[in-house]
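Chains as they are written, first to last, in numbering that gives the first Met the number 0: chain W, 0 to 363; chain S, 0 to 171.
The hints are simulated quantities; they were obtained by calculation from the structure and are not laboratory data.
From a predicted model like this one, the values you see are computed outputs, not experimental measurements.
All C-beta atoms, glycine included, are put in the ideal place defined by N, C-alpha and C.
It is possible that some hints are incorrect.
Using 20 angstroms as the maximum straight-line C-alpha spacing, the simulated SDA-like pairs for lysine to any residue come out as follows [unchecked claim]:
| id | chain 1 | residue 1 | chain 2 | residue 2 |
| --- | --- | --- | --- | --- |
| 1 | S | 150 | S | 52 |
| 2 | S | 150 | W | 313 |
| 3 | S | 150 | W | 352 |
| 4 | S | 150 | W | 302 |
| 5 | S | 150 | W | 3 |
| 6 | S | 150 | S | 116 |
| 7 | S | 150 | S | 162 |
| 8 | S | 150 | S | 161 |
| 9 | S | 150 | S | 119 |
| 10 | S | 150 | W | 307 |
| 11 | S | 150 | S | 170 |
| 12 | S | 150 | W | 350 |
| 13 | S | 150 | S | 140 |
| 14 | S | 150 | S | 134 |
| 15 | S | 150 | S | 130 |
| 16 | S | 150 | W | 213 |
| 17 | S | 150 | W | 5 |
| 18 | S | 150 | W | 9 |
| 19 | S | 150 | W | 311 |
| 20 | S | 150 | W | 334 |
| 21 | S | 150 | S | 137 |
| 22 | S | 150 | W | 312 |
| 23 | S | 150 | S | 117 |
| 24 | S | 150 | W | 354 |
| 25 | S | 150 | W | 7 |
| 26 | S | 150 | W | 15 |
| 27 | S | 150 | S | 167 |
| 28 | S | 150 | W | 351 |
| 29 | S | 150 | W | 310 |
| 30 | S | 150 | S | 168 |
| 31 | S | 150 | W | 349 |
| 32 | S | 150 | S | 118 |
| 33 | S | 150 | W | 353 |
| 34 | S | 150 | S | 131 |
| 35 | S | 150 | S | 136 |
Label-pair ranges, simulated between beta-carbon atoms [claimed, not checked]:
| id | chain 1 | residue 1 | chain 2 | residue 2 | range |
| --- | --- | --- | --- | --- | --- |
| 36 | S | 162 | W | 185 | 49 to 57 angstroms |
| 37 | W | 351 | S | 118 | 29 to 37 angstroms |
| 38 | W | 31 | S | 3 | 18 to 26 angstroms |
| 39 | W | 343 | S | 4 | 18 to 26 angstroms |
| 40 | W | 227 | S | 167 | 31 to 39 angstroms |
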Amino acid sequence: MSIDIEEQVRRELATSPTPPGLQLEAATTTRAAARAYRRRRAVQVVAAGAAVLLVPATLAWAAGDLPDPTARVLPASPWTCPVSGWHSEPVVDVDELAGVSIPLSTGDHVIAGLATGCPFDALVMALSSDGTAEDPTRLRTRLLIERDAGTEHQGAGFVDLPSDDGQALGLVLPRASDDLMLIGPGEVRTPAVDPRPVPGTGLEAAAIEGATMADRPLALLRRGGDGLLRTDWLDVGSPAPRAWSGEDPYLTDTWVAQDAQGQQWVMHGGEVRGPFAPSSSPRGFLFEHGDPSSVDLVVLTPGPGELVVDGVSTDPWEQLATDDTTATELTVTTTRLHLDELVALEVSWLPEGHSELRRVSLDD
Amino acid sequence: MGARRRRERDEEFTDFVEQASPELLRVGWFLTGEVHAAQDLVQSALLRTYRRWHRIDPPRAVAYTRTVMVNQSRDDWRRRGAGRVSARPDAGEHQPATPDHATTTAEQDRVVRLLRRLPPQQRAVVVLRYYCDLSERDCADELGISTGAVKSAASRGLARLREHLTHEEVTS
Numbered sequence: 000m001s002i003d004i005e006e007q008v009r010r011e012l013a014t015s016p017t018p019p020g021l022q023l024e025a026a027t028t029t030r031a032a033a034r035a036y037r038r039r040r041a042v043q044v045v046a047a048g049a050a051v052l053l054v055p056a057t058l059a060w061a062a063g064d065l066p067d068p069t070a071r072v073l074p075a076s077p078w079t080c081p082v083s084g085w086h087s088e089p090v091v092d093v094d095e096l097a098g099v100s101i102p103l104s105t106g107d108h109v110i111a112g113l114a115t116g117c118p119f120d121a122l123v124m125a126l127s128s129d130g131t132a133e134d135p136t137r138l139r140t141r142l143l144i145e146r147d148a149g150t151e152h153q154g155a156g157f158v159d160l161p162s163d164d165g166q167a168l169g170l171v172l173p174r175a176s177d178d179l180m181l182i183g184p185g186e187v188r189t190p191a192v193d194p195r196p197v198p199g200t201g202l203e204a205a206a207i208e209g210a211t212m213a214d215r216p217l218a219l220l221r222r223g224g225d226g227l228l229r230t231d232w233l234d235v236g237s238p239a240p241r242a243w244s245g246e247d248p249y250l251t252d253t254w255v256a257q258d259a260q261g262q263q264w265v266m267h268g269g270e271v272r273g274p275f276a277p278s279s280s281p282r283g284f285l286f287e288h289g290d291p292s293s294v295d296l297v298v299l300t301p302g303p304g305e306l307v308v309d310g311v312s313t314d315p316w317e318q319l320a321t322d323d324t325t326a327t328e329l330t331v332t333t334t335r336l337h338l339d340e341l342v343a344l345e346v347s348w349l350p351e352g353h354s355e356l357r358r359v360s361l362d363d
Numbered sequence: 000m001g002a003r004r005r006r007e008r009d010e011e012f013t014d015f016v017e018q019a020s021p022e023l024l025r026v027g028w029f030l031t032g033e034v035h036a037a038q039d040l041v042q043s044a045l046l047r048t049y050r051r052w053h054r055i056d057p058p059r060a061v062a063y064t065r066t067v068m069v070n071q072s073r074d075d076w077r078r079r080g081a082g083r084v085s086a087r088p089d090a091g092e093h094q095p096a097t098p099d100h101a102t103t104t105a106e107q108d109r110v111v112r113l114l115r116r117l118p119p120q121q122r123a124v125v126v127l128r129y130y131c132d133l134s135e136r137d138c139a140d141e142l143g144i145s146t147g148a149v150k151s152a153a154s155r156g157l158a159r160l161r162e163h164l165t166h167e168e169v170t171s
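For reference, chain S alone in the conformation it holds in the complex:
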């Protein structure tokens, strides 16, 4: 690859990162519940996207990167052990600046906290279906599973989320 083509490729890729990274980072945040882990996940996925940049249809680049992120986060989850709860200070919620902000953040981050209680596949399906607004078919394509498995994971994931939400509302 010549220097000019490399430069063009890098410029294209930089534009892509600028446009896509805010949403990708939020997906990473929902998948991991940790700021640094989300950044690592997105960066790691972007490295792989860069490697295949010449083979990726531009409109599919976000989807490809998301697929890599989901696979990577699932592998990380398995490597760390399913029951591990991060001891990192930013795990699950960031540090609030003020007490008022703390209350707001904790409440608004409730969904992140609850997502972390789901197994990775259910979590990924919930994020792709209800944050990225993908259809069951598109979700299945991105995850490399059947639409039946997407339906099943979404149903189970939502059921668990509802249980947790109900429990939190009762205990509060």
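So here's chain W without its partners, still in its complex pose:
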């Protein structure tokens, strides 16, 4: 490339005028960031599920003992909520509240609702001990968190619902979530759910029968009302190494993750492949994406390098290293292959700093 064009581009970029109005007010930006940060912290607590919530919820509610370690029933605390209906026992007398909306239950188990009248409105994911959805006079709280309308579109909440009929995984999802997929353990399944709106919120509640957090499913994949894919990681608190593409682990088109069982999965464009055993050999996956003239190739390699397809170096769409908290080094490269340019679809990897190509095995 000639120096001329480099210098011309450099000069044009340097002298291109800044459009009028292209500015930010720093203090306003900071306030917005601080507000978003607090909301995110709140939703992370929701998204983390019951296991992780145990600690902050216990702190938040100045909990006493946990009478049933399996159910992990949390006592509501009279110290933080002066409504007289809150008992030191793990029971909420909802008659003392200004209102409660319980849209969904399975048998005696209330999955979610909105309790109002506390100093703050509270999202309840609860199981009922003495009441039912129709007569929720006394609820044994399972999980109760301050409701924040600003976070409702972001994360999902999960809670186990043990019952006489088996197990269910209670979900609270942003409204209009669609295309749910529960990933792991060992399989991907599309759960049959019947989400019900939680009145007064932008949320829906649903239950997946036969699934629990204790089974250590990896994630719930869903499409939001905006049409974008979101991943809610259920396998929280585990040391499972993960790799995901994109800055935002909840909102992404491609990810690779390792579950608590040590198996790996790859997702691209809403399609999930796996589980498969981790390997130090380069491995590629082809994904259709709606355009019959091309396919997407996602390649996992044990480090950075270049992809070579039919002898030609490819221009990667994106190439991301493993999340910095993981112990396993893995590079995820995504590229789009145009079928009319392919000859034999031989994919190789040239590790950075090496001159010898390594063959990439492809899984359809």
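Following the hints, put chain S in place on chain W, whose structure we already have.
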């Protein structure tokens, strides 16, 4: 985090935004070609920077924010569809105040218009290499790609820009 630490953090962050936002906004402008999109992109990236503020080495804060912006703009591009041309009135160029100004602006914004014709990775590499003046190594680090990929994207991006520039000069 106590109230005092929060205040200190917010003051530090405000200083950072004041100092860094003019350049970040221009990077956003080059990446998106739209005023509002550039502001949204920078604000969105700054939200993420704020979240990780305590873990970011201060000299790396601009680089971190730029990385977030590039990733976000690439995701936006893919979500909207590669061939989409914005119908927003400010797309690609702002409205001039006078005819003379219009000519000047259109000419000076030529590079923004041409950048929009590049795929996101090539556009990002061109902006980081030739506006932010990053080395190939630093560019690769910020984008999370190899230096080979940076060289390739820069070369292809410049080649396309040269084609377009030549074409514009011939047709004008």
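Structure-based check of all given hints:
1. S:150 with S:52: violated, 31 angstroms
2. S:150 with W:313: holds, 12 angstroms
3. S:150 with W:352: holds, 15 angstroms
4. S:150 with W:302: holds, 19 angstroms
5. S:150 with W:3: Holds, at about 17 angstroms.
6. S:150 with S:116: holds, 19 angstroms
7. S:150 with S:162: holds, 18 angstroms
8. S:150 with S:161: Cα-Cα ~16 angstroms, so holds.
9. S:150 with S:119: With a Cα-Cα distance of about 15 angstroms, the restraint between residue 150 of chain S and residue 119 of chain S holds, given a limit of 20 angstroms.
10. S:150 with W:307: holds, 16 angstroms
11. S:150 with S:170: violated, 30 angstroms
12. S:150 with W:350: holds, 16 angstroms
13. S:150 with S:140: Within the cut-off at roughly 13 angstroms; holds.
14. S:150 with S:134: holds, 10 angstroms
15. S:150 with S:130: Holds, at about 16 angstroms.
16. S:150 with W:213: Distance of about 48 angstroms is beyond 20 angstroms: violated.
17. S:150 with W:5: Since the Cα atoms of residue 150 of chain S and residue 5 of chain W sit roughly 13 angstroms apart, the hinted pair holds (cutoff 20 angstroms).
18. S:150 with W:9: It holds: about 16 angstroms lies between the C-alpha atoms, which stays within 20 angstroms.
19. S:150 with W:311: The given pair, whose Cα atoms are some 15 angstroms apart, holds under the 20 angstroms limit.
20. S:150 with W:334: Distance of about 17 angstroms is within 20 angstroms: holds.
21. S:150 with S:137: With Cα atoms ~12 angstroms apart, residue 150 of chain S and residue 137 of chain S stay inside 20 angstroms; holds.
22. S:150 with W:312: holds, 12 angstroms
23. S:150 with S:117: holds, 15 angstroms
24. S:150 with W:354: holds, 17 angstroms
25. S:150 with W:7: At roughly 18 angstroms apart (the allowed maximum being 20 angstroms), residue 7 of chain W and residue 150 of chain S satisfy the hint.
26. S:150 with W:15: violated, 24 angstroms
27. S:150 with S:167: violated, 25 angstroms
28. S:150 with W:351: holds, 14 angstroms
29. S:150 with W:310: holds, 18 angstroms
30. S:150 with S:168: violated, 27 angstroms
31. S:150 with W:349: Within the cut-off at roughly 15 angstroms; holds.
32. S:150 with S:118: At roughly 15 angstroms apart (the allowed maximum being 20 angstroms), residue 118 of chain S and residue 150 of chain S satisfy the hint.
33. S:150 with W:353: Since the Cα atoms of residue 150 of chain S and residue 353 of chain W sit roughly 17 angstroms apart, the hinted pair holds (cutoff 20 angstroms).
34. S:150 with S:131: Measuring from Cα to Cα gives roughly 16 angstroms; hence the hint holds.
35. S:150 with S:136: holds, 10 angstroms
36. S:162 with W:185: 49 to 57 angstroms: Given range 49 to 57 angstroms: holds, Cβ gap about 52 angstroms.
37. W:351 with S:118: 29 to 37 angstroms: violated, 22 angstroms
38. W:31 with S:3: 18 to 26 angstroms: holds, 21 angstroms
39. W:343 with S:4: 18 to 26 angstroms: violated, 60 angstroms
40. W:227 with S:167: 31 to 39 angstroms: holds, 36 angstroms
Of the numbered hints stated above, those contradicted by the structure are hints 1, 11, 16, 26, 27, 30, 37, 39, listed in ascending order.
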